[in-house]
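Use these hints to put chain B onto chain A, whose structure you have.
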Amino acid sequence: MTEEKMPSFMRSLCMGRIEQDVLLPFPTMRDGDKEMLQGVAEALSSMLGAHEEDFRRWDREGEFPSEYIDELKEFGAFGLIIPEDEGGLGFGSMAYSRALQEVAKYDASTAVTIGAHSSIGMRGLKLFGTDEQKKRYYPKLSTGEMIAAFCLTEPGAGSDAASIATVAKRDGDDWVLNGNKLWITNGGIASFFTVFAKTDASKRGGMTAFIVTTEMEGVSVGPHEDKMGLRASSTTTVNFDEVRVPADHMLGEEGQGFKVAMKILNSGRTGLGGGSVGAMKKIIEMATAQASERKQFGQAIKDFGLIQQKIGQMVVDCYAAESVVTLVAGLVDAGHEDYAVEAAISKVFATEALWRTADEGLQVAGGNGYMCEFPYERMLRDCRINRIFEGTNDILRLFIALTGMNGVASELKELASLRKSIFSHPIKGFGVLSDYATKQAQLRTGIRAEGTHFTRLVPELAAYADSFEDATRELATATDRVLRKHGKGIIGKQFATRRLAEIMIDLFVWAAVMARVNDAIAAGADDAEQQREILHVFAGAATKRIRHQLRRIDDNDDETLKSVAAHAFELGRFAWDTI
Amino acid sequence: MKILVPIKRVADPDNANKVKVAPDGSSVTSEGLEWKLNPFDEWSLEAALRLTENAAEKSRVGEVVVVTIGPKDATQTIRQGLAMGAERAIRVEGDDAQLDAWQVASVLAAVAKKEQPDLIIMGKQVVDGDSNVVPQYLAELLGWPALNYAQSLTTDAEGKTVKAQRELDTGVETLEVDGPAVITCADRILHPQAVKNGVTPDDFTYPAIEGGRYATLKGIMKAKRKPIDETTVGDLGVEAAATVQYTAFELPPARSGNTTFVESVEELVEKLHADAKVL
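Heads up: the sequence lines are chains A and B, in that order.
Position 119 of the first sequence, counted from 1, bears residue number 119 in the working numbering, the numbering being contiguous throughout.
One rule links them: number in the working numbering = place in the second sequence (from 1) + 1000.
With the rest of the complex left out, here is chain A (with noise of 0.2 Å):
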């Protein structure tokens, strides 16, 4: 843990504030866990490459044979982030995203059972959980003698978390538990469920976590869903009728059910952000012996530029999703607390860039890549749901901008409120006052400012590095401009707010990437040169978008979209045809 509290990167950034010292170094493995780590990955290629075939014959089946469940429980595949000292492997944020980017390379399916249960599954009993709790129930977790289940989601309440319907009454000693779970990941293999439900009726999200197992009379399960991807993995429906869960099951505080569910989902964005990665690399592996090895024309396609731009682009995007879940690994095992933006940063760039290396590599790999005799189309269906799940890209999307310019809110608040008294506070008023002035006349004229700038960075970098404080200086911008024009109002404002975020998302991305090269470079590496062009890629890239986004706050057809959309709403169809 740190000692002195650090900010959230993002926070700063749309203040205009750049915090280096949350970058650099990049983080690293210790010397042990690498070796360690290296044993792991490597145990777990022998022990999943010998499924390869059976893997493509699950998912048409739609269900992994309990067989290999218990091969993946006897291989300790449970036990990942439980304490060593309570049986587990006791790994990191940084160990566990790693170890399931190898799950992920292999099968996707298997990524998301051992995923669920340790990233979303069990972790409230990490985060929240009593010793006693702990004592009860970590040895079982780690054998996987208990599988994990998370139960958030309902018929009703999907994004809008806060508006479940299951309830929790007390009645003596215990809770008497009702409702419904949906599209629960584990639920038919699971016998630990972190359970949502509503213990005060009259307040929104008024709703507290528990733990609740199948011992309990009263808690049984749907069919096993039939889905696009991630088929052998089980999703069910998972009910709970009458169900006493005695006091002490109870996770985190009465009412504080909203923000245990949040911390645990931000807690777990690493393993699904390893994942990705993990994807990503096998299908870069495919697709470039598929592009060496495939003639047309009289020569490899690997010669033709359109190919190489899809596997440069390929690995940029895979450099890039791999520093960024590393770097938030890395603030979460150094003890950050705010790091939520970061978190569903990672989220939302990581999942969308498997999409696009997805769909790009079975584009490359041609007719073969639609049929089911490779396994690209299978790796596209199983990704699909990454930017669903564990909160959709979209709401992310919206989380990420208005997280992130909270505190350009508050500052704009207290000015407000300034002003308003400035003749009752003329010191301190004008003190904020010039202090809120100066700020703006430097983030418009680029004044070097401390703490607006990259003093750490080696020189190779300069150049990176002066776009991206010029980035951030139009990012504060456009927050405080944006934030002035809507008020409160920019909860309602989703277009507006989407651009911002997408701005974040690139400048934070750009971040992860530059500090890792930084650290290559300054390390001398090998390769550095190669990770320096990556980063030129990625930042030329990002900000031509971020230009792009800026000058469609002001200047935009949001309006006229909306209208066209309206009119769809309105007639429930598409209403023109050519005949």
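Be aware that a few hints might be false.
Here are the simulated distance ranges between beta carbons [what the hints assert, rightly or not]:
#1 B:THR1205 <-> A:THR392: 40 to 50 Å
#2 B:ASP1229 <-> A:GLN309: 55 to 65 Å
#3 A:GLU254 <-> B:PRO1207: 46 to 56 Å
#4 B:THR1259 <-> A:GLY312: 27 to 37 Å
#5 B:ASP1095 <-> A:GLU35: 18 to 28 Å
#6 A:ALA300 <-> B:THR1174: 23 to 33 Å
#7 A:PRO459 <-> B:PHE1249: 39 to 49 Å
The hints are simulated quantities; they were obtained by calculation from the structure and are not laboratory data.
Every residue gets a Cβ at the ideal spot worked out from N, C-alpha and C, and that includes glycine.
Okay, now just chain B, sitting in the frame of chain A:
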């Protein structure tokens, strides 16, 4: 039963093309290469683990001690052996690239005298130097019987007598030997029913695998806490001088990479004689 399994790390045999010779030809450099467990040693360790467990109940009934000669880095290879299931390990400090077969055998003999195992099971050779003489030297130094290229091993529950099959050009030879003995294994030892120890039920079938068993994550974590004795050649009282002097190393000439297809055996013989000059 206690089995001593000598193991050695080798430069990743799947990337042997990355092995380089120092500019002055004095040595082979393995910089930047990943270390792997010598495959022959891996099979032997697998055989030793099968002889000392009840596979049906997944419990251990004997002890496997792995030993290696190498620098501190070689600990990684030892950990792999421990993660696969060996009980403990011994590392004898030494430069594994410089020792010759006689020195290795002398060190291993000293370790064996100290450890008093019922059997030594080891790879018949190491894929870097490919000498294939250490097991024979070792048996000679210890005065123990040597049994090479076993394709199956059967012991009774006490493990004193070992029945082994060896595949020869002339057929399969079945031998029985009383321990202690030095045994080397062929790859057929990995057959699902090649090893029987009188404890694991006779009808038990191991999964078909290509190398040794994989280390589980649990195994890796347990290995972190298993004991590794560190000792030196001097502590073991070994004074063996090298009997082989390496004078120079050079890489084989690069292959041209040209492929020629021939229509007939006659043409092949002609080309081998006239062009390739190997006949």
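Now for the hints, and whether the structure bears them out:
| no. | hint | in the structure |
| --- | --- | --- |
| 1 | B:THR1205 <-> A:THR392: 40 to 50 Å | holds (48 Å) |
| 2 | B:ASP1229 <-> A:GLN309: 55 to 65 Å | holds (57 Å) |
| 3 | A:GLU254 <-> B:PRO1207: 46 to 56 Å | holds (50 Å) |
| 4 | B:THR1259 <-> A:GLY312: 27 to 37 Å | holds (32 Å) |
| 5 | B:ASP1095 <-> A:GLU35: 18 to 28 Å | holds (21 Å) |
| 6 | A:ALA300 <-> B:THR1174: 23 to 33 Å | violated (54 Å) |
| 7 | A:PRO459 <-> B:PHE1249: 39 to 49 Å | holds (42 Å) |
When each numbered hint is compared with the structure, a violation occurs for hint 6 only.
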